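K.L.:
Sequence:
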Amino acid sequence: MTQYPYPFSQAAKLDSRIVPRPAYDTELAKLLDATTIPEEFDLDLMRGVPKDEHQCPHGETGEPELGAETVLKDRPILIHEEHTIPGPDNTTIILSVFRPRQSSRRQRPVLYYMHGGGLVSGDRFTGLPLIMGFLEGIDCVVVSIEYRLSPETPQPGPSEDCFAGLVWLSDNANELGIDPAQIVLFGISGGGIVATAVCLMARDRKNPSIPIKGLMLHAPQLDDRCETLSDQQYEYGNPTSTPWVRACWDLVLPNIRGTDEVTPYHAPARAKDYSNLPPTYVDAGECEALRDQVVQFASDMWRCGSTCELHVWPGAYHVFEVVNKPDHLLIQSAKAAKANWLKRMMTTQSEQTSAQELLV
1 MTQYPYPFSQ AAKLDSRIVP RPAYDTELAK LLDATTIPEE FDLDLMRGVP KDEHQCPHGE
61 TGEPELGAET VLKDRPILIH EEHTIPGPDN TTIILSVFRP RQSSRRQRPV LYYMHGGGLV
121 SGDRFTGLPL IMGFLEGIDC VVVSIEYRLS PETPQPGPSE DCFAGLVWLS DNANELGIDP
181 AQIVLFGISG GGIVATAVCL MARDRKNPSI PIKGLMLHAP QLDDRCETLS DQQYEYGNPT
241 STPWVRACWD LVLPNIRGTD EVTPYHAPAR AKDYSNLPPT YVDAGECEAL RDQVVQFASD
301 MWRCGSTCEL HVWPGAYHVF EVVNKPDHLL IQSAKAAKAN WLKRMMTTQS EQTSAQELLV
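The opening position of the sequence shown corresponds to residue 1 in full-length UniProt numbering, with each subsequent residue numbered one higher.
A few of these clues could be false.
In silico DSS-like cross-links for lysine-lysine, where the CA-CA straight-line distance does not exceed 27 Å [to be verified]:
| id | residue 1 | residue 2 |
| --- | --- | --- |
| 1 | Lys30 | Lys325 |
| 2 | Lys213 | Lys272 |
| 3 | Lys325 | Lys213 |
| 4 | Lys335 | Lys325 |
| 5 | Lys30 | Lys13 |
| 6 | Lys335 | Lys272 |
| 7 | Lys325 | Lys343 |
| 8 | Lys325 | Lys73 |
| 9 | Lys213 | Lys335 |
| 10 | Lys335 | Lys30 |
| 11 | Lys73 | Lys335 |
| 12 | Lys73 | Lys343 |
No wet-lab data here; the hints were simulated from the structure. On a predicted model such as this, the values are computed, not experimentally measured, just so you know.
Between the sequences and the hints, there should be enough to build the whole structure, so can you do that?
P.N.:
Below, the structure written as structure tokens:
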């Protein structure tokens, strides 16, 4: 496959196809220049099939060896349980439950995680170590779902899988030691499609009866039409270019992408009503195709009376926080913002005060 011919840091100057756009952060650009990415979409590459000449363009994918043992390696305080539950269309769904070894007198809050990969790649462990890092100091349970992927299962199949998982969590809260009133959803990249769709389903179907506590969307895909200014700006010279995003949507919504047949449960940006949604955190990089649909989503939530915390990280590309660089202030700021929001959403004021006292 043809590799993108220019260093990403120089793409805007050297590629005549690129329209004016914000520049990459200088330090992040150095990391981008070290990658090799084909211009043409490659599902095998997305799914972690080895390619000698290319590296995977999605930081949240390409981890086929990642499993529960890897997640637990640096977190000995946790134990892992696997649950198989009934899914839609006579299927079964696997949920991984990570909970603290130490028992608690109270029901714990739970983070319900939907992995990235454009709904065409990844599994329930993909990106999980990164998400665990946002939860330091929070006494909670983490549940990750193995939803079906496209093109084998087009939308809204993955959304229905994740909704079934939410209902099961709420119905079995006592057995799992979780508080059904403190369920926070987390969707990263393509997982943002299903996480947001689940919130819309829960609202519209009035199930579970206890409302979702919060929703965190990390650089989410939301709009199948791919027609925003940022889609145009990052059509070329970007590690997650618009053609890659568009190709994922073509697999997720075969023969209907961009048409009036697409519903909010397929692609959440199609919703007209964003009222009565849980408090939401959403972010994106300034230098990625998904930027403007994320900003529009936040604006639509505000228009409908819902509350949303929005961050757009300057000079940053898609899910740039996967890079572990403690000395990079932008990366650390983005991680801290998510950790802060989750702590506010999943702990009481007294717990926050106790944690601060331990740090003094």
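K.L.:
Are the hints correct? Go through all of them and say.
P.N.:
Each hint tested on the structure:
1. Straight-line distance between C-alpha atoms of Lys30 and Lys325 comes to about 13 Å, which keeps the hinted pair within the 27 Å bound.
2. Simply put, Lys213 and Lys272 have alpha-carbon atoms about 22 Å apart, close enough for the 27 Å limit, and the pair holds.
3. Restraint check for Lys325 and Lys213: not satisfied, since their Cα atoms lie roughly 31 Å apart, outside the 27 Å limit.
4. Taking the CA atoms of Lys335 and Lys325, the gap is about 11 Å. The hint holds against a cut of 27 Å.
5. Our distance criterion of 27 Å between C-alpha atoms is met by Lys30 and Lys13, whose separation comes to about 16 Å.
6. Simply put, Lys335 and Lys272 have alpha-carbon atoms about 31 Å apart, too far for the 27 Å limit, and the pair is violated.
7. A hinted pair counts as satisfied when its Cα atoms are at most 27 Å apart, and Lys325 with Lys343 qualifies at roughly 22 Å.
8. The suggested pairing of Lys325 with Lys73 holds, with an alpha-carbon distance near 20 Å, which does not exceed 27 Å.
9. Under the criterion of a C-alpha separation no larger than 27 Å, the hint pairing Lys213 with Lys335 is consistent with the structure, at around 21 Å.
10. Between Lys335 and Lys30 the alpha-carbon distance is near 20 Å, which keeps this suggested pair within the 27 Å criterion.
11. For the suggested pair Lys73 and Lys335, the alpha carbons sit about 21 Å apart, so the restraint of at most 27 Å is met.
12. Restraint check: the Cα-Cα separation between Lys73 and Lys343 comes to about 23 Å, which is no more than 27 Å; the hinted pair holds.
Consistency note: the structure conflicts with the earlier hints numbered 3 and 6.
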